[in-house]
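Chain by chain, the residues run as shown.
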Amino acid sequence: MNNIKRLATAITAATLLVACSSTPPINAGLEQARNDYRSAQSNPQVTSLAAGELKQAGDSLELANTASNRGDRVATVDHLAYVAKQQVAIAQATANQKAAELAVTNSAAERDKVRLDARTREADSATRSAEAATLNAQVSQRSAEAARDQAMLEKQAAANALQSADVARQQALDAENRSRQLEAMLLDMQAKKTPRGMVITLGDVLFDTNQANLKAGGMRSVQKLAEFFKQYPGRKVMIEGFTDSVGNDANNQTLSEARAASVRSALIDMGVGVDRIATRGYGENSPVASNDNAQGRQLNRRVEIVLSDDNGNILPR
Amino acid sequence: MKHFKHLATIGVTSLLLLLAACASTPPPTDSIALAKSAIANATSAGGNEFAAVEMRSAQEKMDMANRAMTKQDYDQAKTYAVEAQADARLAEKKAQSAKAEKAAAATQEDIRVLREEINRKSPK
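Keeping their order, the protein sequence lines are chains A and B. All the letters of the first sequence, read from the start, carry residue numbers 1 to 317 under the numbering used here. All the letters of the second sequence, read from the start, carry residue numbers 318 to 441 under the numbering used here.
I should point out that these hints are in silico values taken from the structure, not numbers from a laboratory. Hints may contain errors.
[Claimed, not checked] Residues of chain B placed beyond 10 Å of chain A at every Cβ, according to the derived structure: (1) T342; (2) A357; (3) D380; (4) D390; (5) A417; (6) T424.
[Claimed, not checked] Here are the simulated distance ranges between beta carbons: (7) E433(B) - I26(A): 55 to 63 Å; (8) N358(B) - E31(A): 28 to 36 Å; (9) A130(A) - N358(B): 54 to 62 Å; (10) Q389(B) - K5(A): 47 to 55 Å.
[To be verified] Examples of chain A residues toward chain B, derived with CB under 10 Å: (11) T66; (12) S68; (13) A126; (14) T127.
None of the values given here were measured: they were computed from a predicted structure. Just so you know, even glycine gets a beta-carbon here, dropped at the ideal spot from N, CA and C.
So here's chain A without its partners, still in its complex pose:
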């Protein structure tokens, strides 16, 4: 029984204590609103971009605090706390919106700059392409000019080659003609090929008997020889006189020299240069046939005219 009394006393005391405490009962909605407000206050984006809205929220929160401290009805405090909480949210949303709008503005500026850069780069690239094209065109033109020059050179070279070929052919033709002419003349003069060169023999019958004088036939042979000299200015002659072995050597030597000299003076009379003619007498030396019969002795009485090569050289006997 005493126990129950004591418990009742304790409960009463506790109730009294609770009732006496001056702190208002804790309101969950108000706590929430306070927390939200604090967090908004510490957010620089909200304080800078939604200062007005945050102020409004603060005023509302103050009303709720006042009502709570005054011990207003829970419903009233709840209501005021709710409005304050929503206004904090409004301040936050406003700050978000403004930040996003700023981002749009900045991004738009950035985008425009990027576009401008791109266009500038395109323009630069186009300019570079145009320059490259111009350069290419110049190079092509220069190549074309070079090719044209080359073609002209080649054409010229071809023409030259053709001309050279013509000249060469002409020269070959001329040389052939000359050699044919020479051959014809040598044939006409009854020249014979020997190791010393072409040799023309004037026989005994072309001279007066035992004399150095040329007969008319001898003169004709000498005439041909003079013609030959005119045609071949590079040629010279060695005129060599020979006799048979009849009579004394001194006479034979004199006659061989006189006959050679006779041919020489006839050639000089016909206009052949003195320096182109040499003479020698060999007497009865170097017979070409036997001196034992008349026919052989006639062959041995002769004048041999040795023709030089084109450069005037004659091999010595």
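Could you slot chain B onto chain A? The hints should help.
For chain B alone, coordinates are given in the frame of chain A:
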């Protein structure tokens, strides 16, 4: 004595009138009008799409405010109207914020695409 009776009657009447005035708040027409206009603004800002929860709350509180008005419970009507206005304004701001964020993201994407295109085009 009669005089005193009259005076007493007037006094009691005044007291009653005063009591009545204190007990019943006047009809919160301003708060109702503000809440309606806030809901209209939030709707046209796209609140139904971007802040459905707040919009529904605002709408329900508006209905309750109207019901309280017809019951002439002006205290309740004002409370609901004020909360409806706060909800509607929050819905409006949330919608505007979401749209602005979308626009910001779109512009960033524009820039990204543009950059990519430029990088593809530009010679190495």
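For this session: Let me know if the C-beta of T66(A) comes in closer than 10 Å to any C-beta of chain B, holds or violated.
Result: Interface hint status for T66(A): violated (16 Å vs cutoff 10 Å).
Exercise. Hey, does T342(B) actually stay past 10 Å from chain A on C-beta?
Worked result: The assertion about T342(B) holds, with a minimum of 13 Å to chain A.
Problem set entry | Agreement of hint S68(A) with chain B interface, Cβ distance less than 10 Å | violated (16 Å)
For this session: Hey, is T424(B) genuinely clear of chain A, shortest beta carbon separation above 10 Å?
Result: T424(B) is in fact no farther than 10 Å from some Cβ atom of chain A, at 4 Å.
For this session: Measuring Cβ to Cβ, find out whether D390(B) lies farther than 10 Å from everything in chain A.
Result: holds (13 Å)
For this session: With chain B as the partner, please determine if T127(A) meets the hint condition of a C-beta pair closer than 10 Å.
Result: Status violated, d = 14 Å.
For this session: Verify that the Cβ of D380(B) lies farther than 10 Å from every Cβ atom of chain A, and report whether the claim holds or is violated.
Result: Fine: 17 Å to the nearest Cβ keeps D380(B) off the interface.
Exercise. Regarding Q389(B) and K5(A), is the given constraint of 47 to 55 Å on their beta-carbon distance met?
Worked result: Since the Cβ atoms of Q389(B) and K5(A) sit about 52 Å apart, the hinted range of 47 to 55 Å holds.
Exercise. Between N358(B) and E31(A), is the Cβ distance one that fits in 28 to 36 Å?
Worked result: holds (31 Å)
Exercise. Are A130(A) and N358(B) spaced within 54 to 62 Å by their CB atoms?
Worked result: holds (58 Å)
Problem set entry | When the least beta-carbon distance from A126(A) to chain B is tested against 10 Å, hint result | violated (12 Å)
Problem set entry | Assessment of proposed distance window 55 to 63 Å (beta carbons of E433(B), I26(A)) | Holds - the Cβ-Cβ distance for E433(B) and I26(A), about 56 Å, lies within 55 to 63 Å.
This entry does not satisfy hints 5, 6, 11, 12, 13, 14, going by the numbered hints stated previously.
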